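K.L.:
Each chain, written out:
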Amino acid sequence: MKLQIASHLAIVSVLELAAHPDRQLTVAEIGSKYGVSTHHLAKVMHVLGRAGLVRSVRGAGGGYQFCGNARRTTLLDIIELFEALGPRGLDAGGPGQDTAEAAALEIVLREIDDSVRATLGSITIATMCGLVERSVTERGRAHRTAAIRLHG
Amino acid sequence: MKRTPSRTKKRPRLARPRAASPAGATRPAAKSKPAFVLRPAQRGDVVAVAALDERVTALPKPAHWLELYERQKKVGQPAGIFLVATASDAASRFLGFIVGEIRAWEFGSAPCGWVYALSVDPDSRLLGVGEALLESIAGEFRKAGVSKMRTMVARDNRLPMLFFRGAGMMAGPYVQLEKDLG
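Chains S and U, in that order, give the protein sequences.
With the numbering used here, the residue at position 129 of the first sequence is 129, and numbering never jumps.
Position in the second sequence (first residue = 1) + 152 = the numbering used here.
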């Protein structure tokens, strides 16, 4: 599956903020890490703010803070702020809508949709932060191994 | 997944911003943390196991739990594991249980530890009982030489799904298939 850019940006921004709950990050800081325009990111942060997941802190050293519940907010919650993940189904008015073949295809597409929603709806921000930490550790180990091979 | 245009209206509010520090906002409400102990189940625990399961699932099945206890006892650890958690106070209140077993070569799978059942008293959740039970059974599986732990959760059963995901469990390489025989 492929996420829309706004959903992708929202997820990485929330992960970035949830990983540093004690400090505020500006859109410029997040934008420079992920190579995206602050303009686009600001729109995403606005939506996240309206959903109560982040809040902006004004003044010197200001920026955004994560203020949601990391153990209860799932990837699906965030994605659905930006795009609809409803039943995919066949396009209305498509060829052979009333045929047995279309009905059979609909069953398969529904199975895929159910699986996608179950996965995204079961992974919380806290779980994702754990996966990020594990990924950092594994990448660090791989880099060290590569460096040893190179210099050893 | 079908790509759809971005929505710009009627965004649901997920969580209320809190005045507390963001670090605190990400944690569940603080509760006093009573100590608890884990130990292998005894026959006398089966009544409490069945009662907790009935409370959680609303499906009484005492014969099933007794049969499972007898089977696990016959198989013996580390192959069959049945642990319970009780409060470490004088009352030793029953808090939860976990049942698992090491199975080999079913469905072509190399030996792995299966978690069949895990339940925690609804009044004692968010205290780490479930995590402790899962870590304990994982330790038993590890000691027995298996490096993989599996379980099965209904897609729409949100609480256990979040729990096992939070414990680092991911979708495995097998897909459960079924067919209506009616």
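By construction, these hints were calculated from the structure, which means they are not laboratory data.
Quick caveat: nothing in here was measured; it's all calculated off a predicted structure.
Certain hints may be false.
[Stated by the list, open to error] Here are some, though not all, of the chain S residues that point toward chain U, as calculated from beta-carbon distances under 10 angstroms:
no. : residue
1   : A126
2   : L131
3   : R144
Every residue gets a Cβ at the ideal spot worked out from N, C-alpha and C, and that includes glycine.
K.L.:
Run every hint past the structure and note whether it holds.
P.N.:
Okay, the hints, checked on the actual structure:
no.	hint	in the structure
1	A126	6 angstroms, holds
2	L131	8 angstroms, holds
3	R144	23 angstroms, violated
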